[in-house]
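Assemble the whole structure, with the sequences as input and the hints as a guide.
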Amino acid sequence: MMEERKHLLDYLAQLMMIFGTTILVVTLICCAVGDEGKGYSTMFALGSKGVPVNTVLQYLLSSGCVTVFRFLFFSDKIIKKMSVAKRVIAMLISVIALIGIFAYIFGWFPVDEPRCWMMFLLCFGLCFVISAGISVWKETTENKHLADGLKQLKEKRNENIDRSK
Amino acid sequence: MQINVEIQEDTADTVVTIQCRAQDAFVKRLIAALRIIDKQIMVAHDGNITALDLEEILYIESVDRKCFAYAADKVYECFNKLYELEAQLEPYLFVRINKACIVNLKNINSIKTYIDRRLLITLSNEEQLIVSRQYAHEIKALLGVK
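Just so you know, the protein sequences line up as chains Z and U, in that order.
The first sequence begins at 1 in the working numbering and counts up one residue at a time.
The second sequence begins at 166 in the working numbering and counts up one residue at a time.
No lab work stands behind these hints, which were simulated from the structure alone.
Even for Gly, the Cβ is constructed at its ideal location relative to N, Cα and C.
One thing to keep in mind: the hints can contain errors.
[As the list claims (entries may be wrong)] Quick partial rundown of chain Z residues pointing at chain U, CB under 10 angstroms, derived from the structure:
(1) 74
(2) 76
(3) 115
(4) 139
(5) 142
(6) 145
(7) 150
(8) 154
(9) 157
[Said to hold, decoys possible] Derived PhoX-like pairs (lysine-lysine); straight-line CA-CA distance at most 20 angstroms:
(10) 231(U) x 264(U)
(11) 246(U) x 277(U)
(12) 138(Z) x 277(U)
(13) 151(Z) x 231(U)
(14) 138(Z) x 231(U)
(15) 277(U) x 81(Z)
(16) 305(U) x 264(U)
(17) 246(U) x 231(U)
[As the list claims (entries may be wrong)] Computed footprint of chain Z on chain U; a stretch qualifies when at least three of its residues, placed anywhere within it, have a C-beta under 8 angstroms from a C-beta of chain Z:
(18) 224-234
(19) 280-290
(20) 298-308
Structure (structure tokens):
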């Protein structure tokens, strides 16, 4: 029960992290090019004054969906046997499809304009490459620390055995 | 040789004391035998009861309230419960990795991070085991990570 509550809080923390980061990035974009994008997107309906409340709620919903995808692809609870690479690809496709659907429903950008899709994919790709790079670096460092720790523990154990003989 | 067994219920660990005039070859053999026995557990295999060296064990798993010790090519049935084995084997670097499994760290080839903040263990026979999130913290602490 305690463990389940902990998992739920973990997912809630993930949701808030995704939501917070999205709001921060979009607010910065809004400040920079909000006035120019006023007619193109509902996200910039207020120009450089800020992000509209209904868009904020749409972001909350999309963050919730992304958290559900994370649970689906990265927890082994539903999909048991799948390589990490396939999980990443499945997650990417799901997120791109979700953004496409939300863009169409909520008018985030004109979905019939290839230039907008290009820009979206460029921004999304850039964010993905940066976050994947950070993850790979963090993972490599941690794996190295784990390997060093294991090696030291085995050496220490062998020393203790030698001493006891 | 006279053998005395003294039972003291308040004793935490079994103590073997050898009383002798000198540490001759026989006493040395006796000590060596005791050391070997201390690094073994009693298990059953094909209906026979045998002593299994701890070094040979890759991991011990609890399945349907029974415990099984996995060596490179054989599976043995243990007589103790998993939590008893965990306490007994803790000094020999056996650690709990999830609710149903304790692993011999000596026979681990690698430990790597895995999805959902878990760890992936590759044993010396290339078999892979997953460390649950709950125990991943403890193993990281044991390895001096974090």
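Would you settle whether the hint for residue 142(Z) is holds or violated, based on the nearest Cβ-Cβ distance to chain U being less than 10 angstroms? Because about 5 angstroms separates residue 142(Z) from the closest Cβ in chain U, which is inside the 10 angstroms limit, the hint holds.
Is the hinted pair residue 138(Z) and residue 231(U) satisfied, with a Cα-Cα distance of at most 20 angstroms? violated (39 angstroms)
Between residue 138(Z) and residue 277(U), is the straight-line Cα distance small enough, at 20 angstroms or below? Cα-Cα ~12 angstroms, so holds.
Using a Cβ cutoff of 8 angstroms, are there at least 3 residues of the segment 224-234 of chain U near chain Z, or does the coverage claim fail? Per the Cβ count (0), the hint is violated.
Min Cβ distance, residue 157(Z) to chain U: is it shorter than 10 angstroms? holds (6 angstroms)
Chain U contact restraint on residue 154(Z) - CB to CB distance below 10 angstroms: holds (6 angstroms)
Between residue 151(Z) and residue 231(U), does the CA-CA distance stay at or below 20 angstroms? violated (32 angstroms)
Satisfaction of the residue 150(Z) interface hint, Cβ to chain U closer than 10 angstroms: holds (6 angstroms)
For a C-alpha distance cap of 20 angstroms, please report whether residue 305(U) and residue 264(U) respect it. holds (17 angstroms)
Closer than 10 angstroms between Cβ atoms is the bar; does residue 76(Z) clear it against chain U? Give me holds or violated. holds (7 angstroms)
Does residue 231(U) pair with residue 264(U) here, judged by a C-alpha cut-off of 20 angstroms? Holds, at about 13 angstroms.
Within 8 angstroms of chain Z (C-beta), three or more residues of the segment 298-308 of chain U: With 4 residues close enough to chain Z, the hint holds.
The structure fails to meet hints 3, 11, 13, 14, 18 from the earlier list, while all remaining hints are met.
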